[in-house]
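Visitor: Below, each chain spelled out in residue letters.
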Amino acid sequence: MAKDPLAEAELHFDELNKLRILEPDVSQKTTELKEECEDFVDKIGQFQKIVSGLIELVDELAKEAETEKMKAIGARNLLKSAEKQREAQQQQLQALIAEKKMQLERYRIEYEALQKVEAEQNEFIDQFILQK
Amino acid sequence: MCLDRCTHRDLVSCVGWTTADELYSCSDDHQILRWNLLTGDTSVVVKLQDDIYPIDLHWFPKSVSGKKQAVSEIFALTSTDGKLHLVSKSGRIEKSVECHKGAVLAGRWNQDGTALITAGEDGQLKIWSKSGMLRSTLAQQGSAVYSVAWSPDSSRVLYTSGRQLIIKPLQPSSKLLQWKAHDGVILKVDWSVVNDLIVSGAEDCKYKVWDSYGRVLFSSSAHEYPITSVCWAPDGELFAVGSFHTLRLCDRTGWSYSVEKPSTGSLLSLSWSADGTQLAAACGNGHVLFAHVIEQRWEWKNFEITLTKRRSMQVRNVLNDALDVLEFRDRVIKASLAHGHLVVSTSLQCYVYSVKNWNTPLIFELKEGMVSLIQQTERYFLLVDGAELYVYSYEGRLVSSPKSPGVRMDMLNSQSVSLSNDTMAIRDTTDERVIFLFEVLTGKPIGDGKPFIHKMEVMFMALDQCGSPTDRRMALMDKNRDLYLTSVRTVGRAQSICKIGSMVDSMCWNDSANLLCAVQDNQLTVWCYPAVVFVDKELLPKTICTKDHSEFSRPPRVLSYVGTQVKVRRVDGSLVCRGMSPYPTLLHEYASSARWADALRLCRFAKDQTLWSCLAGMSMASRELSTAEVAYAAIGEADKVQYINFMKDLPSKDSCLAHALLFSGHVQEAESTLLQANLIYHAIQIHINLYNWDRALELAVKHKTHVDTVLAHRQKFLRDFSKQESNKRFLQYSEGVEVDWQKIQAKIEMEFAKEREQAANSSVRSSVSIRR
Chain A
1 MAKDPLAEAE LHFDELNKLR ILEPDVSQKT TELKEECEDF VDKIGQFQKI VSGLIELVDE
61 LAKEAETEKM KAIGARNLLK SAEKQREAQQ QQLQALIAEK KMQLERYRIE YEALQKVEAE
121 QNEFIDQFIL QK
Chain B
1 MCLDRCTHRD LVSCVGWTTA DELYSCSDDH QILRWNLLTG DTSVVVKLQD DIYPIDLHWF
61 PKSVSGKKQA VSEIFALTST DGKLHLVSKS GRIEKSVECH KGAVLAGRWN QDGTALITAG
121 EDGQLKIWSK SGMLRSTLAQ QGSAVYSVAW SPDSSRVLYT SGRQLIIKPL QPSSKLLQWK
181 AHDGVILKVD WSVVNDLIVS GAEDCKYKVW DSYGRVLFSS SAHEYPITSV CWAPDGELFA
241 VGSFHTLRLC DRTGWSYSVE KPSTGSLLSL SWSADGTQLA AACGNGHVLF AHVIEQRWEW
301 KNFEITLTKR RSMQVRNVLN DALDVLEFRD RVIKASLAHG HLVVSTSLQC YVYSVKNWNT
361 PLIFELKEGM VSLIQQTERY FLLVDGAELY VYSYEGRLVS SPKSPGVRMD MLNSQSVSLS
421 NDTMAIRDTT DERVIFLFEV LTGKPIGDGK PFIHKMEVMF MALDQCGSPT DRRMALMDKN
481 RDLYLTSVRT VGRAQSICKI GSMVDSMCWN DSANLLCAVQ DNQLTVWCYP AVVFVDKELL
541 PKTICTKDHS EFSRPPRVLS YVGTQVKVRR VDGSLVCRGM SPYPTLLHEY ASSARWADAL
601 RLCRFAKDQT LWSCLAGMSM ASRELSTAEV AYAAIGEADK VQYINFMKDL PSKDSCLAHA
661 LLFSGHVQEA ESTLLQANLI YHAIQIHINL YNWDRALELA VKHKTHVDTV LAHRQKFLRD
721 FSKQESNKRF LQYSEGVEVD WQKIQAKIEM EFAKEREQAA NSSVRSSVSI RR
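So the protein lines, in turn, are chains A and B. Note that the first sequence covers residues 1 to 132 in the numbering used here. Note that the second sequence covers residues 1 to 772 in the numbering used here.
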């Protein structure tokens, strides 16, 4: 086949008989590539959106987990301190009980003394009645 | 105790009362706050410079003798930067002095405000004048002095030195007293003005009570936290103890009345209001805590009264369980229940209730409203109100207001005043040996106005409550714990004072008869007729009855002796009631109304030696010889019976009286009685009988009669003991006088005849034969 002078000059015609620098197949492939690229960019964009959504979600979860963890720690501490508080309270109550016990002991002694007095007085009355 | 509290922004370090309802508090937030309890207001007095961290605050003592000052104007404030500040009431710093290296840990005025002592971290104690000039450095030691206190008479200073307590007199030559008091560093001490007791609190979590000689009276068990503050109440009956989350109210003997557990952190400082009803505490968490003393109880016969709230009391009649509630407009400050009346003082008024009627009290306004003492007798009661003392009747009439220069009435307490229906005794506040005696009705001093002066400091005295004013007697206990009895009104006789007991701890007169009850040598002892010492000293031991109190490890305190019941408070705080025999009271009643036959019947019925001894004493005191004879015979005192018989046979009343005096050992008075009645021979004879030769001769020579009688007896005496005459006067007189026993006998007969004649003439006694 004789060489097309145009081809030698690296010029081509397309189907619409327009003068082109690129070969028609190349040009077609280029267009295809371009389209495919656009497609790809679109898809990547979509993917990014999805992933960021995911990240957000995970972050939220993390946050929630963190607060829950803090809560748990707090609760644990509270429990511990409550234990101590109870101990302190118990100590205080014990002190108060000891105090009351001492008071009771004092009342007991007083009561015994009064009983003794009563007995003495009864004895005195009896003696008095008998002698008269 | 009931509590309420308010707040600062940072740790409160010290508190101090100005009046009964106003408190100043200092805190690490550099503010001084004023708390008004009546209105509930809190206001900032001043904001101090940022580098002043206050540690201790002490108000200048309020009533200084001479000028009346209702409210103190300045206070001493010590701080961490080693400075002492004198701050006015308005908060202006009048003066600041650099006084210690490191923090000044305590600053205290002495009792009359003439000196201030500061204690520093550098271990020094410095004394300052009122205006803030350095007077002297009292002591210096290697460790910080955490707390310091003045003795009641301001002559000594108590301070801490690590685990030791030191009492140092201000006089440089005197010896200091030092003892190991705790097992930890001592943080706070306080010395009561009223009862001379010391309380200390330390890091070994114990508080201890000491007397001023350093003997321990009470030691608490170890608590959970160190004791950070202690403070005596103004009346010396209570003290408060502060610790972490703890406020404790204790009796002076150490046992605790009540404990409160507020969540306030450590109580760093405590302060009682002047009336002793309110307590303020400086708390570690920035609160100021106010506590009120409630649940006080008074008992008398069948009535039981409790202070339920600050302003109300509950009266319970134990016999029928009837309840009455008494409401007051103001806070109750003091109350007293005795002799059928309840006297209550609030901050403005005084209420007098009769136990028969709780609905309509008698109310009168108080002059100052600072009642610190109420004492009652059957007819009157006394109030110490501010710097004055008033005696009122139960009808609310002001009877008198005794005054004595030099006595600070506001310092009086139940141990330094005693009231009876006609007489009042007040111990001097400066010299404790001196007791002033007053007529209650006029408020004037008794007799020549001279006070009674004992040879030693008097700890406690009490007047008897019954009988006639002329027989009023006072029992007093001195520093050696000896018990004495003396007559208050001594007409024409020298003041006699007789010791009736030793090792006495507390005492009380009976309210219905003159029986004295005391704790002697750990035993409850009742003197059934203490006045017997003035009649027949030897009878005294026989008129005492003791109740064995083996259960008392340490001496209890006698609280009251009403009717036949003695109420004592043991050291552990329990009240113990003891019944006493009712017979002595009855006997006193019979004796005072001269029903001697009844008295004899009672003694015969009771068959009790003590009772017979009392009767012997009583009848002798009122010269009721026939009763005395029976009584002495009953207790087997034959010699005395014989002497009484001899007395009965004496021809005249005068010689009888003289011999009764002689019987009680009052030779001087017997002699003067006889001389007054012109019975010179008798006077000489009693001296001869007592071998009191010089006086006998002196009388004989002076009255130019019976010189030979004296000489004759002297010769007989010398011959009996085969001695030679050595007395110059007798040698001199014996020269010119001839001794003729027959003549002497005749002369004596004549004397008796003469006396008989006189007696018959004055028809005092029917003629009595003489057997001699």
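Hints in this document: simulated from the structure, not taken from any laboratory. Being a predicted model, the structure only gives us computed values, none of them experimental. A hint or two may mislead.
Claimed, not checked - With a cut-off of at most 25 Å between alpha-carbon atoms, the simulated DMTMM-like pairs for lysine to aspartate or glutamate come out as follows:
#1 B:Lys547 / A:Glu105
#2 B:Lys704 / B:Glu637
#3 A:Lys100 / B:Asp548
#4 B:Lys62 / B:Asp204
#5 A:Lys116 / B:Glu749
#6 A:Lys34 / A:Asp14
#7 B:Lys261 / A:Asp126
#8 B:Lys547 / A:Glu99
#9 B:Lys537 / B:Asp482
#10 B:Lys301 / A:Glu118
#11 B:Lys309 / A:Glu87
#12 B:Lys567 / A:Glu10
#13 A:Lys84 / B:Asp51
#14 B:Lys101 / B:Asp51
#15 B:Lys648 / B:Asp482
#16 B:Lys101 / B:Glu22
#17 B:Lys547 / A:Glu87
#18 A:Lys100 / B:Asp51
Said to hold, decoys possible - Facing chain A, a subset of chain B residues (Cβ under 7 Å, in silico):
#19 Leu441
#20 Val571
#21 Gly573
#22 Cys577
#23 Ala634
Claimed, not checked - What the simulated footprint calls covered on chain A by chain B, stretch by stretch (three residues with Cβ under 8 Å from a Cβ of chain B suffice, anywhere in the stretch; the number is not a length):
#24 32-41
#25 89-102
Heads up, the beta-carbon is just placed ideally off N, CA and C, and yes, glycines get one too.
Visitor: Are the hints correct? Go through all of them and say.
Guide: Hints, one by one, checked against the model:
1. B:Lys547 / A:Glu105: Within the cut-off at roughly 23 Å; holds.
2. B:Lys704 / B:Glu637: Violated, because 39 Å separates the two Cα atoms, which is more than 25 Å.
3. A:Lys100 / B:Asp548: With Cα atoms ~29 Å apart, A:Lys100 and B:Asp548 exceed 25 Å; violated.
4. B:Lys62 / B:Asp204: violated, 35 Å
5. A:Lys116 / B:Glu749: violated, 64 Å
6. A:Lys34 / A:Asp14: Holds, at about 19 Å.
7. B:Lys261 / A:Asp126: violated, 51 Å
8. B:Lys547 / A:Glu99: Not OK: B:Lys547 and A:Glu99 at ~31 Å, beyond 25 Å, violated.
9. B:Lys537 / B:Asp482: Cα-Cα ~16 Å, so holds.
10. B:Lys301 / A:Glu118: Given pair B:Lys301, A:Glu118 holds - Cα atoms ~15 Å apart, limit 25 Å.
11. B:Lys309 / A:Glu87: violated, 32 Å
12. B:Lys567 / A:Glu10: violated, 138 Å
13. A:Lys84 / B:Asp51: With a Cα-Cα distance of about 37 Å, the restraint between A:Lys84 and B:Asp51 is violated, given a limit of 25 Å.
14. B:Lys101 / B:Asp51: Distance of about 15 Å is within 25 Å: holds.
15. B:Lys648 / B:Asp482: Distance of about 37 Å is beyond 25 Å: violated.
16. B:Lys101 / B:Glu22: violated, 33 Å
17. B:Lys547 / A:Glu87: It is violated: about 48 Å lies between the C-alpha atoms, which goes past 25 Å.
18. A:Lys100 / B:Asp51: Distance of about 46 Å is beyond 25 Å: violated.
19. Leu441: violated, 38 Å
20. Val571: Cβ of B:Val571 sits 11 Å from chain A, so the hint is violated.
21. Gly573: With Cβ-Cβ at 5 Å, under 7 Å, it holds.
22. Cys577: Holds, about 5 Å.
23. Ala634: Interface hint status for B:Ala634: violated (18 Å vs cutoff 7 Å).
24. 32-41: Since 0 is below three, the answer is violated.
25. 89-102: holds (count 6)
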